[in-house]
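Assemble the complex: chain F is given as a structure, and chain A must be docked to it using the hints.
Chain order of the listed sequences is F and A. When the letters of the first sequence are read in order and numbered with my numbering, they come out as residues 15 to 489. When the letters of the second sequence are read in order and numbered with my numbering, they come out as residues 15 to 489.
None of these hints come from the bench; they were simulated from the model. One thing to keep in mind: the hints can contain errors.
Derived pair list, reagent style EDC-like, types lysine to aspartate or glutamate, alpha-carbon separation capped at 20 angstroms [stated by the list, open to error]:
1) A:K427 to A:E441
2) F:K46 to A:E86
3) A:K112 to F:E72
4) A:K112 to F:E86
5) F:K112 to A:D44
6) A:K113 to F:D44
7) F:K112 to A:E116
8) A:K112 to F:D141
9) F:K113 to A:E156
10) F:K71 to A:E60
11) A:K38 to F:D141
12) F:K427 to F:D415
13) A:K309 to A:D288
14) A:K234 to A:E451
15) A:K18 to A:D288
16) F:K18 to F:D379
17) F:K113 to F:E156
18) A:K91 to F:E156
19) F:K365 to F:D340
20) A:K113 to F:D141
21) A:K113 to F:E116
22) F:K112 to A:E156
23) F:K38 to A:D141
24) A:K113 to F:E156
25) F:K36 to A:E60
26) F:K24 to F:D288
27) A:K24 to A:D288
Some but not every residue of chain A turned toward chain F, in silico, with C-beta under 10 angstroms [claimed, not checked]:
28) R52
29) F80
30) Q148
31) T471
This structure is a prediction, so every number in the text was calculated from the model and none was measured. Glycine included, C-beta positions come from ideal geometry on N, C-alpha and C.
Protein chains: 2
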Amino acid sequence: MAEKLAPREKGFSEWYVDVVLKAKLADYSDVKGCMVIRPNGYALWENMQRVLDRMFKETGHRNAYFPLLIPESFLRKEAEHVEGFAPQLAVVTHAGGKKLEEPYVIRPTSETIINSMFSRWIQSYRDLPMLLNQWANVIRWEMRTRLFLRTTEFLWQEGHTCHETDGEAEAETLRMLEVYRTFAEDYMAMPVLAGRKSESEKFAGAVRTYSIEAMMQDKKALQAGTSHNLGQNFARAFNTAFQGRDGQQHHVWQTSWGVSTRLIGGLILTHSDDAGLVVPPKLAATHVAIVVIGKGEERGPVLERAQAVAADLRRTGLSVLVDDDDTKSPGFKYYEHELTGVCLRMELGPKDLAKDQAVLVRRDDRAKVTVPLDAVVTQAQAMLDAMQASLFARAKQFRTDHTFEVNSMEEMKARADDGFLLAHWCESPACEAQVKEQTSGVTTRNRPFDLPQKPGTCVVCGQPSPGRMVFSKAY
Amino acid sequence: MAEKLAPREKGFSEWYVDVVLKAKLADYSDVKGCMVIRPNGYALWENMQRVLDRMFKETGHRNAYFPLLIPESFLRKEAEHVEGFAPQLAVVTHAGGKKLEEPYVIRPTSETIINSMFSRWIQSYRDLPMLLNQWANVIRWEMRTRLFLRTTEFLWQEGHTCHETDGEAEAETLRMLEVYRTFAEDYMAMPVLAGRKSESEKFAGAVRTYSIEAMMQDKKALQAGTSHNLGQNFARAFNTAFQGRDGQQHHVWQTSWGVSTRLIGGLILTHSDDAGLVVPPKLAATHVAIVVIGKGEERGPVLERAQAVAADLRRTGLSVLVDDDDTKSPGFKYYEHELTGVCLRMELGPKDLAKDQAVLVRRDDRAKVTVPLDAVVTQAQAMLDAMQASLFARAKQFRTDHTFEVNSMEEMKARADDGFLLAHWCESPACEAQVKEQTSGVTTRNRPFDLPQKPGTCVVCGQPSPGRMVFSKAY
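The following block holds chain F by itself, in its conformation from the complex (with noise of 0.2 angstroms):
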């Protein structure tokens, strides 16, 4: 019989671990920092990209493929950029035998390589808006790692656009912001506060960051994506410049845009539970798993109309197992199914048979029905979307239960661990190093648009504050 897994209550980080290592997401490599991404976490990877890449087409983007190498010196270009990554880059020193004359970093993100090729591609207003995307592998060298939500190698996807002017810059920042607020609600089912960071947490080399923070089940924050508006800073590094509809030559502005295989980490630590991976539907590798039960010459009849069932509701566009393996007992595969996060269990054995109907048994709650078998399509499509709405309504309400308006340094102390604190904070980056210092870490999330701004005093020198921002500690 396989071990339980570790329980939340005795140790988050451990079961968190846990939960990835024995649902066969992902392990750990001989390469300092990076995983290896297993199967079952690869199809969660999967189905992000599928929808993703089809929300970023819709909204006009095409893919393209850029150079995992940059020359180190089109780094040194943008000067804020250089500083923050400079301390996590990768470089390439010899290559075919040789010493290179000069040396190649690992893309840790591509502004300055597109930059370098925009720079060529652009010339008219009439080139504009230019709208790519790039799914790509990106190395930042990271002291302390954690699978999937830190890792010196990730996956993700970089969007990075040119346009006329700054307003039509802004407003694809804003939209792509939006793409991923709906993805990260509608389809991973994990609520995130949409909103601008602060100054000290931008990206390096933007002019303003947008980000979405989502609520992980110990209350720390995981910031899920970034949205960034890079004004000309990039576009003057590189020469990227148009003739506008004046016939003068101007920078275009930019924006870059991404998430990464970091969400699946979201994913895990929002919805699953001491039996393992919990995943919302719209996003799960498994929808059904049907496990056939029965003995000898009673196995037949029911391996058979179980098969019937799981073609029925593949032609749904759902995801179904058959398991038949008569090795492992029915219990011993209700913990598998459970482990690895199959939303639904359907359990068909001959007294069910005789009776025409099916046991359903729903991942997350457990709630267990018995339905005749000519419900079952039906009846497993309301599970499903009940479970798609469920995952996501639980985790806002825990959001709400965890979230404080603080009013002193006092309070934000006392509730450093508690969750997200809303309090006021006059925008300096001193106070905001106060906070963080005298909490052991509780940091500025973002300003989120759909919190209502009223100004009062900083929480930590009593000057004037535009309006509350939110502070947590996070991942």
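Coordinates of chain A only, in the frame set by chain F:
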């Protein structure tokens, strides 16, 4: 007016580069030997990926992702492997601001890093077969590069499988070669010879390598995909072992197989012409471009009808572009759609509309038909099917016309640039090297399964030959 492409007659290489650059399939980058895949080129790769990924899954494979970086010592564990790849490695010596204790190489292929994981995951014959695939980028430092055909970084898929017996591994190797053959012929409309490579041309570390070889329009061969039976070479190096049904420990039997963005080069070199890109409909990014003709008031009703036809075509799964840009002349648009490989052009003007008809023009043979508007969907589908079949038939006839039996070194030299040369060869690497040297580059391609094998004598040394081998100059 756009400038014309360099015609094939004037210089095949120049024409190829011209097609790639002017159709905006790819561009040169500032990174030595690396290209940028632009949206028009990447769309072809996405279509190839979609088909191949489905074929891999239908044959039981699942996707995973392994680290980009490989500890240098891993490569050295398999002697032939490191010897083959050492000259092409890019090496990361510094990361996170420090010199690394052990350098990492950027994967040129992933047998070693994947075996380091296989050896942990596989314990028993019950864990077999293990059938994985990875979509990834790899780097092989190349001296001379060509857009798509040979680039320092390229995108590919690499399948990696483990089996209980040698027989199962060989069956898998051949099964995946057959998947590649089917893909090349049925989707790319590119006829290929499937067969076994010579000892000197096999993959570094393999026991046997099989390939599919296509003939390009300049009569050179393109190795378009390879499938390797790795035997137990990597399993021994990494101790990837399992407890067998006999209770004893055994090393697993492995395969690996891959195709890359090189296929896009093959697609271009097989079908394209002096007007630009020609793409078989099954892989085309745009099946039909509807060019709206007419000025002033006449234009509205034409556009309306064009959009209705487009909607009808899209419902059958086709990708349709309605080109209503009135700043460009119809002639300029025809030129552009031909350049970028749109399969069918539909011309619709006020006179056509009055007669309830449209003109359809096929990209490959420029066949032009006038059809009633309500027959456009049926006619377009028929023309696309015919185009797919015709591209394959024409390429196959071309190969037949440029395949020769040669029976002496003199003939081999005289025919060195004429195409595929079927010659007897004693299988010694020395004679193979002789041919290459005396012909300025004719090499063995493979021993096709479909080429009847009758004994003869080697064209170089006169020793016994088991049967004719395919020789050719190659990309």
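Now for the hints, and whether the structure bears them out:
For a cut-off of 20 angstroms, the pair hint linking A:K427 to A:E441 stands: about 19 angstroms separates their Cα positions. For the proposed pair F:K46 and A:E86, the alpha carbon gap of about 13 angstroms is at most 20 angstroms, so the pair holds. Straight-line distance between C-alpha atoms of A:K112 and F:E72 comes to about 43 angstroms, which puts the hinted pair past the 20 angstroms bound. Restraint check for A:K112 and F:E86: the C-alpha separation of about 16 angstroms stays at or below 20 angstroms, so the hint holds.
Taken as a hint, the F:K112 and A:D44 pair is honoured in the structure, with Cα atoms around 19 angstroms apart against an allowance of 20 angstroms. Annotation: proposed proximity of A:K113 to F:D44 holds, straight-line Cα distance about 18 angstroms (limit 20 angstroms). With a C-alpha separation of about 17 angstroms, the suggested pairing of F:K112 with A:E116 holds against the 20 angstroms cut-off. For the suggested pair A:K112 and F:D141, the alpha carbons sit about 42 angstroms apart, so the restraint of at most 20 angstroms is broken.
With a C-alpha separation of about 15 angstroms, the suggested pair F:K113 and A:E156 falls inside the 20 angstroms cut-off, and the hint holds. Of the pairs offered as hints, the one joining F:K71 and A:E60 holds, with about 13 angstroms between alpha carbons and a cut-off of 20 angstroms not exceeded. Only pairs whose Cα atoms come within 20 angstroms are accepted, and A:K38 paired with F:D141 is accepted, the gap being roughly 13 angstroms. With a C-alpha separation of about 18 angstroms, the suggested pairing of F:K427 with F:D415 holds against the 20 angstroms cut-off.
The straight-line distance between the Cα atoms of A:K309 and A:D288 is roughly 31 angstroms, outside the 20 angstroms bound, and the hint therefore fails. At most 20 angstroms may separate the alpha-carbon atoms for a hinted pair to count; A:K234 and A:E451 meet this at roughly 17 angstroms. Restraint check for A:K18 and A:D288: satisfied, since their Cα atoms lie roughly 9 angstroms apart, inside the 20 angstroms limit. Under the criterion of a C-alpha separation no larger than 20 angstroms, the hint pairing F:K18 with F:D379 is consistent with the structure, at around 19 angstroms.
For the hint linking F:K113 to F:E156, the alpha-carbon distance of about 26 angstroms lies beyond 20 angstroms, and the restraint is violated. Annotation: proposed proximity of A:K91 to F:E156 is violated, straight-line Cα distance about 28 angstroms (limit 20 angstroms). Note on F:K365 and F:D340: the hinted pairing holds, with a Cα-Cα distance of about 18 angstroms set against a maximum of 20 angstroms. Proximity of A:K113 to F:D141 is assessed by CA-CA distance (about 43 angstroms); at most 20 angstroms being required, the pair is judged violated.
Proposed proximity of A:K113 and F:E116 is supported: the alpha carbons are some 17 angstroms apart, at most 20 angstroms. Proximity of F:K112 to A:E156 is assessed by CA-CA distance (about 12 angstroms); at most 20 angstroms being required, the pair is judged to hold. Distance check on the hinted pair: F:K38 and A:D141 sit about 13 angstroms apart at the alpha-carbon level, within 20 angstroms; holds. A threshold of 20 angstroms between alpha carbons decides the hint, and for A:K113 with F:E156 the separation of about 15 angstroms falls inside it, so the pair holds.
Proximity of F:K36 to A:E60 is assessed by CA-CA distance (about 33 angstroms); at most 20 angstroms being required, the pair is judged violated. As the CA atoms of F:K24 and F:D288 are separated by approximately 10 angstroms, the hinted pair is consistent with the 20 angstroms bound. A C-alpha spacing of about 10 angstroms is found between A:K24 and A:D288, which places the hinted pair at or below 20 angstroms, so the restraint holds. Taking 10 angstroms as the C-beta cut-off, the interface hint given for A:R52 holds, the closest approach to chain F being about 6 angstroms.
For A:F80, the interface hint holds, since its Cβ comes within 10 angstroms of a Cβ in chain F; the closest pair sits about 5 angstroms apart. For the restraint placing A:Q148 at the interface with chain F, the shortest Cβ-Cβ distance is roughly 9 angstroms, inside the 10 angstroms limit, so the hint holds. Taken as an interface hint, A:T471 does not check out: its beta carbon lies about 41 angstroms from the nearest beta carbon of chain F, beyond 10 angstroms.
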